[in-house]
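Kindly generate the complete structure, drawing on both the sequences and the hints.
Number of protein chains: 2
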Amino acid sequence: MQTFEQLSSQFTEYFQQDHFPQEPATLYQPNRYFLQLGGKRVRPVGCLMGNELFDNIVPDAWKVATAIELFHNFTLIHDDIMDRAPLRRGMPTVHHKYGESTALLAGDVMLVAAYENLRKISPNFLVPVLGLFNKTAREVCEGQQLDMDFEQRDDVTLDEYEHMISLKTSVLMAGSLKLGAILGGASKRNQDLIYEFGRKVGLAFQVQDDYLDAFGDPEKFGKQVGGDIKANKKTFLLIHALQTADKGQRESLQHLMLTNSDNKVDDVLQLFRQTGVDQWARELQDNYLQQALQHLEDIAVTSSRKEPLRQLALYLVQREH
Amino acid sequence: MQTFEQLSSQFTEYFQQDHFPQEPATLYQPNRYFLQLGGKRVRPVGCLMGNELFDNIVPDAWKVATAIELFHNFTLIHDDIMDRAPLRRGMPTVHHKYGESTALLAGDVMLVAAYENLRKISPNFLVPVLGLFNKTAREVCEGQQLDMDFEQRDDVTLDEYEHMISLKTSVLMAGSLKLGAILGGASKRNQDLIYEFGRKVGLAFQVQDDYLDAFGDPEKFGKQVGGDIKANKKTFLLIHALQTADKGQRESLQHLMLTNSDNKVDDVLQLFRQTGVDQWARELQDNYLQQALQHLEDIAVTSSRKEPLRQLALYLVQREH
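Same order as they appear, the protein sequences are chains C and W.
Under the working numbering, the letters of the first sequence match residues 1 to 321, in that order.
Under the working numbering, the letters of the second sequence match residues 1 to 321, in that order.
Where hints are given, some of them may not hold.
When chains are identical, the list treats them as one kind, so a pair holds in a single copy or across two.
Unchecked claim - List of simulated lysine-lysine pairs, DSBU-like, C-alpha gap at most 30 Å: (1) Lys-97 - Lys-264; (2) Lys-264 - Lys-233; (3) Lys-135 - Lys-234; (4) Lys-220 - Lys-247; (5) Lys-120 - Lys-188.
Read the hints as simulated data drawn from the structure, not as lab findings.
The structure is reproduced here in structure tokens:
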């Protein structure tokens with residue numbers, strides 16, 4: 001069994017291959033640029049780990065992992081257009097550097113390249129792999145649309161937000177693990193368990209993301225805290241605070257969301273603390289994490305095989321940056 | 001053997017099915033709207049005709065035809081964003097009606113839906129079908145990028161333009177026919193011949209498109225002639241005119257391209273006639289058409305099976321609107 005770090009380093013090397021033709025360079029150079037910006041490659045490594053949970057890693061797992069990482073980067077390129085984001089990992093986004101039309105098209109052809117990697121796996125796995133990949137891809141698009149819809153609404157419930165995050169963020173991790181499990185010959189029940197493990201880890205990860213943006217240690221977090229607050233982004237924290245606050249606190253919060261004063265972040269954080277949102281978020285996150293670990297526990301393989309995934313879950317959820 | 005019109009009407013009915021889930025409606029309603037704008041469905045019917053050339057139409061051909069039409073509509077939605085086009089078939093484009101971010105995402109999920117239709121065919125055809133589909137999709141993206149690149153250049157050669165049109169327009173028709181042929185059990189040689197038939201028909205079609213925009217009968221053409229000229233669009237006509245004009249004519253053309261005067265279209269058309277571009281375009285188009293018909297002739301099936309495709313080629317190329 002290999003750790004996340006070991007597999008991540010192996011995948012990073014494997015993924016160095018050229019994924020695109022040379023010409024037209026105006027289309028493919030932007031994609032090369034974006035891929036070399038790097039990333040933790042959590043999702044493709046999830047596929048490899050989901051595979052190794054059941055058997056030695058098979059060659060097909062590397063191809064599916066490649067498809068997953070290309071798909072993930074396709075979504076990032078298009079999301080950056082929609083969010084009008086100038087930077088990604090501290091570097092100019094594709095649309096910022098090469099123009100919006102090229103970014104749109106570069107993303108499109110990145111998705112096609114993902115499918116071309118899937119085509120190369122053993123034909124007997126192609127139908128189930130393609131089925132789960134398509135379902136996951138569709139759900140990620142749905143999640144992004146819901147996220148945009150929620151920006152226009154001020155009555156988003158916690159259940160709706162969880163559903164959106166599940167689609168936008170969690171199903172790709174869950175699907176990656178399950179794709180690996182399918183290739184490892186896992187039973188239907190084990191496939192379902194690893195999927196739910198990934199989905200719950202994804203939700204816990206998002207709670208931590210929302211928490212760190214508000215309460216993270218600026219030195220460890222690596223970026224300014226309060227970004228979500230400034231943007232009035234619906235997060236686990238804000239939605240819960242609005243729901244549990246008393247009348248006065250809710251009015252203060254709603255009033256703060258209409259302003260852009262210098263002390264907006266501090267004032268909102270104070271209300272978050274008054275309504276106990278910080279403590280609640282810690283509990284919610286631990287709740288998701290414990291559910292995830294229980295699903296992992298229930299998978300019918302020896303405990304030692306599960307250890308790397310257990311470690312990964314703890315790392316992703318307990319990180320401070 | 002069925003005619004294009006017969007198969008087009010059958011496909012239109014088949015394609016009425018709902019291709020998307022109900023929710024989120026904010027994502028899928030835009031796609032439903034766009035698909036019901038209609039169209040001639042030439043490419044999916046090409047797949048059915050390529051299939052019937054070799055055998056009775058198999059159930060898989062309908063699924064692949066559906067994937068092709070969804071793919072085509074995905075490219076139209078994204079192209080409209082890139083071209084900032086407000087109208088398509090006389091109706092608001094998706095980004096114009098629903099916003100650019102939703103149009104981008106609606107296109108993405110339309111492409112995923114295309115792949116989901118491919119997944120449903122017999123597994124023994126999946127690898128070759130997916131291979132050709134991916135190659136075609138990649139090339140269509142490359143063609144669109146080249147088209148955008150050419151807008152920034154004034155030294156595009158006829159060979160470069162033909163290559164771009166081949167990718168942007170012809171390979172999807174060629175690929176559709178060949179996908180049908182693969183499902184019909186055609187030999188490798190027959191597959192290649194039907195592909196080249198489609199590619200040449202596509203090129204002849206584009207020459208006709210460029211010709212009609214300049215010399216079409218406004219009453220039959222259905223839209224104002226001279227749109228390409230006003231936009232200084234590189235077309236078969238303009239590129240050839242710039243190459244064959246004498247020094248004075250070339251300078252006049254280049255000067256006209258810098259202006260937006262009321263008589264720009266008339267003046268350019270006069271230069272087109274002086275340089276004999278109108279006659280040349282007719283010959284070029286007939287040349288492509290004859291090559292296409294020769295490829296069709298060379299396919300090793302009885303002549304009567306080829307008649308609907310011969311009629312389609314003549315119709316597409318000789319249309320006056």
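Checklist line | Within, between, both or neither: Lys-220, Lys-247 at alpha-carbon 30 Å | finding: neither (35 Å within a copy, 68 Å between copies)
Next item on the list: If the cutoff is 30 Å on CA atoms, where do Lys-135 and Lys-234 land: within, between, both or neither? Let me know, please.
Entry: within (26 Å within a copy, 41 Å between copies)
Item checked: Homomeric proximity label, Lys-120 with Lys-188: Cα distance no greater than 30 Å -> both (24 Å within a copy, 20 Å between copies)
Notebook entry, point to check: How would you label the pair Lys-264, Lys-233 (within, between, both, or neither) given a Cα cut-off of 30 Å?
Noted result: within (13 Å within a copy, 52 Å between copies)
Notebook entry, point to check: Given identical chains, is Lys-97 near Lys-264, meaning Cα to Cα at most 30 Å, within a copy, between copies, both, or neither?
Noted result: neither (32 Å within a copy, 36 Å between copies)
This entry does not satisfy hints 1 and 4, going by the numbered hints stated previously.
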